[in-house]
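Let the hints inform the model, and build the full structure from the sequences given.
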Amino acid sequence: MTEVSKTASGRFFEDFQIGEVLRHATPRTIHSGDASLYSALFGTRFAVQSADTFAQGIGYAKAPIDDLLAFHIVFGKSVPDVSLNAIANLGYADGRFLEAVYPGDTLAATSEVIGLKENSNRQSGVVYVRTKGVNQHGRTVLEYARWVMVRKRDPAAKVSAAHVPDLPAAVAPADLGAACPPIDASAYDCGLSGSPYRWGDYDKGERIDHVDGVTVEEAEHMIATRLYQNTAKVHFNQFSEGQGRFGRRLIYGGHVISLARAESFNGLGNAFHIAAINAGRHVAPLFAGDTVFAWSEVLDKAALPGRDDVGALRLRLVAAKNRPCADFPFKAGDGYDPSVVLDFDHWALLPR
Amino acid sequence: MTEVSKTASGRFFEDFQIGEVLRHATPRTIHSGDASLYSALFGTRFAVQSADTFAQGIGYAKAPIDDLLAFHIVFGKSVPDVSLNAIANLGYADGRFLEAVYPGDTLAATSEVIGLKENSNRQSGVVYVRTKGVNQHGRTVLEYARWVMVRKRDPAAKVSAAHVPDLPAAVAPADLGAACPPIDASAYDCGLSGSPYRWGDYDKGERIDHVDGVTVEEAEHMIATRLYQNTAKVHFNQFSEGQGRFGRRLIYGGHVISLARAESFNGLGNAFHIAAINAGRHVAPLFAGDTVFAWSEVLDKAALPGRDDVGALRLRLVAAKNRPCADFPFKAGDGYDPSVVLDFDHWALLPR
Amino acid sequence: MTEVSKTASGRFFEDFQIGEVLRHATPRTIHSGDASLYSALFGTRFAVQSADTFAQGIGYAKAPIDDLLAFHIVFGKSVPDVSLNAIANLGYADGRFLEAVYPGDTLAATSEVIGLKENSNRQSGVVYVRTKGVNQHGRTVLEYARWVMVRKRDPAAKVSAAHVPDLPAAVAPADLGAACPPIDASAYDCGLSGSPYRWGDYDKGERIDHVDGVTVEEAEHMIATRLYQNTAKVHFNQFSEGQGRFGRRLIYGGHVISLARAESFNGLGNAFHIAAINAGRHVAPLFAGDTVFAWSEVLDKAALPGRDDVGALRLRLVAAKNRPCADFPFKAGDGYDPSVVLDFDHWALLPR
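Residue numbers (our numbering), protein chains in the order written: chain A, 291 to 642; chain B, 291 to 642; chain C, 291 to 642.
I should point out that these hints are in silico values taken from the structure, not numbers from a laboratory. Source: prediction; values computed, not measured. Careful: at least some of the hints might be erroneous.
To be verified - Here chain C is said to cover these stretches of chain A; the calculated rule only asks that three of the stretch's residues, wherever they fall, bring their Cβ under 8 Å from a Cβ of chain C:
(1) 306–316
(2) 460–466
(3) 486–496
(4) 503–509
(5) 521–528
C-beta atoms are modelled at their ideal positions from N, C-alpha and C, and glycine is treated no differently.
Written out as structure tokens, the structure is:
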């Protein structure tokens, strides 16, 4: 009998080695049906991703899939190797979108271990990885760093010396990827896109309340998270989670990003492409039944070297639960306002 | 700071002008995945929309998408411009389906303001629009009139003189659109379609109990409504709606039409195409947890000028909640039976 | 008036005749969007069905749809003719998967009545059918026998002599179908597939706990069951079921098979194809809110005549509700452990 042995139990903190490259399982062909389902789960309305005609009119081959759908699929692949025994997904940084992803493309993923730091209690440690999503042509479509707190199998296990990678506070505008092809900004129809505001109409420091709130159901976040083949147990198993820390299933943090991004259409309707993730933090957990509101602040504005078609806005997208965001809840005291669940600093592109 | 200003708050009653044409945002390419999702949400079984082989066998290019899916997508586009501040969606009329819609088509929409009438309390008024859905070839695939009660921003605002459009009680059979191509009725296989009854087998005055009841979940109606990119707030935000009129999220009226239409397969299995919407009213609200039953009455029967392949039945499709329809609940006293949620008068086509 | 008469009420026990072939309604074109939705509902991760590149690399035309998705669609077609008045779905046997099913294929189905046996109480009887799913080329893609307990319309109705068909305890390895084409096992990449274990690594008698538990929501099982156009009333109607035997909607048994199969990836990640259903029993009902766990036992191992690319494992896949399966719950006393909901004996293929 070799019982149990073939079941994967995931890596523990002491199993990771700096420089190790984890080749993740389950390549995934993305269908137009995935775009339909993503649309149905989040209600996204950015015209470039919604209509082939609109996308082709400005220079895309056809409507690309939503940047976050590609991100979640790549992220999902990394879960069995990186975060099956994670206690918390601590943050993202240095995320770049390098090539547009279209229905029909197949994505696979790898992660390099770029940092390790045991916690002082020796029960767990922080693992830093750089994950890449690669398409069927072998080209990297997106990459990002993330760090997670991972349990040790054996608290007494010796671990290698701590190494915390040097990650940029923000991706430099000159380093933004080419996932948005050169577009014909004059063909970008602001009537059809649903917003009259182009890049030049936004100011640094401007804050925008996205107004709409959306309540999340258990079925929705589980359907979404499985769509990405993300297997993290805490999202799916009420039997176990009912006995755990929160007494209920925890919603995948990426679900909050997608909800807030979809809500941000109201006020940022022409910010059609996420070009980079500067820093992302899941500040507090979200549960089914909660209603997510969102607001954005324009942290910075940048023209892009060699491009006069699009410009970049550095945006802080903040999501709060069960609290409208007309007064822009954010920090409070030493930490965040108790309603805040997401602090997502990213670059988005808009037509000039 | 230009805070809040970029967020769309929707038109109020005093913002509408007779004759104004609103060009709606977010063109939408329809994928076969949308048809899959629509099928999964409503369980439709009409063979023409289900199977390319069946559709091609009678003369379609391939299986068209469900008429109501096209309707909901066009309707959804009109919401941000017409009904974001609506108190109630009062009715539909003069709806015609002009061209088949296939996966791969891209739909956009416009609405012309065809009527305005302030309510006597001056808090709100009724807006009448004629909405058209247009495909990537610039051809109108469907059009319909609807009227909604819309809040005024300022009760004191002056409004133009009342104008109520003259809408037909029913679309004349000669005015039905060409969304159903000429079909080969002899190739229409009633074994595969699931019903032995053709147009000639139905009688005026006949009533049909569709028997089956379907319970609706929050996740289902929200997924459906977002699939259409319908942004009406009352469907999605439990935080706000919990403090509102009903204490809960209101289900998009079109969801009820689709549920009842899918149930009507049992008794009307060959009524494969909705050719016109004569009059539609959402008589009472539906909420998650409610079970929808439906029945139909054949109000009229019409041969179509120049066509011997299909005939039309004018049907009243009635949906009731939490009440089986064996005794055909409809009017009661001065109004409707309290169980009735939908009164949907339409023309459907069947093979002769 | 011919009220009610056009509504199908389904066959009762006395309506079935041995040898009768029922031609089921509603052919169904399968889209890539169905695969997306199936993935989102169950979180399947078998690389062959997930990625065109992986499938093509070993010899498929492209990624086939999940075997169980094809099974459920064929099963769904049989419901209106076979089991609309069923009390219980008693079992499956002799199920064979004969040809791969790809997005774009259209499936139709027929069932032959192969057995009938009235129950001693004369209120009901067991109907045995052999159901076949046929693609647009007229080729059978899968077939299986199942038996269901069906109500009599009239307990006094005379029925024909009992006939119980002779069904094999298991499909013989030499009788497995050709749904898996010859593959290039050397091109089968166990890094991408997510499991290092090939056919030769499993031993007869080996048991595998699939560890992960998944909680089911009402919206999920209804969306899945409608995706298959399965119309069995007990899954959808809380109004009626609330007054019935269980007080709630019963989850389609096939939903449990798909959940357990998806969970079995963890431990059987290379068992990419279900080649035969030897015997399947839904031991107890599942309801929304329940969490499904699963484990497998290798009942047998077989090389396949004329094939050195793949080998077969005969697997018993057991699903239990609200109970982790580390100790492999199965029989207890005269029957099953009270937690067990599914006993599914099948052949699966793995690369050699």
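Hint by hint, here is what the structure shows:
Only residues whose C-beta sits within less than 8 Å of a C-beta in chain C count toward coverage, and the stretch 306–316 of chain A has 3 of them, enough to reach three; the restraint holds. Here's how the stretch 460–466 of chain A fares: 0 of its residues keep a CB closer than 8 Å to some CB of chain C, so the rule of at least three is not met and the hint is violated. Only residues whose C-beta sits within less than 8 Å of a C-beta in chain C count toward coverage, and the stretch 486–496 of chain A has 0 of them, not enough to reach three; the restraint is violated. Under the rule that three or more residues need a Cβ within less than 8 Å of chain C, the assignment of the stretch 503–509 of chain A holds, with 3 such residues.
For the stretch 521–528 of chain A, the stated coverage by chain C is satisfied: 5 residues place a CB nearer than 8 Å to a CB of that chain, which reaches the threshold of 3.
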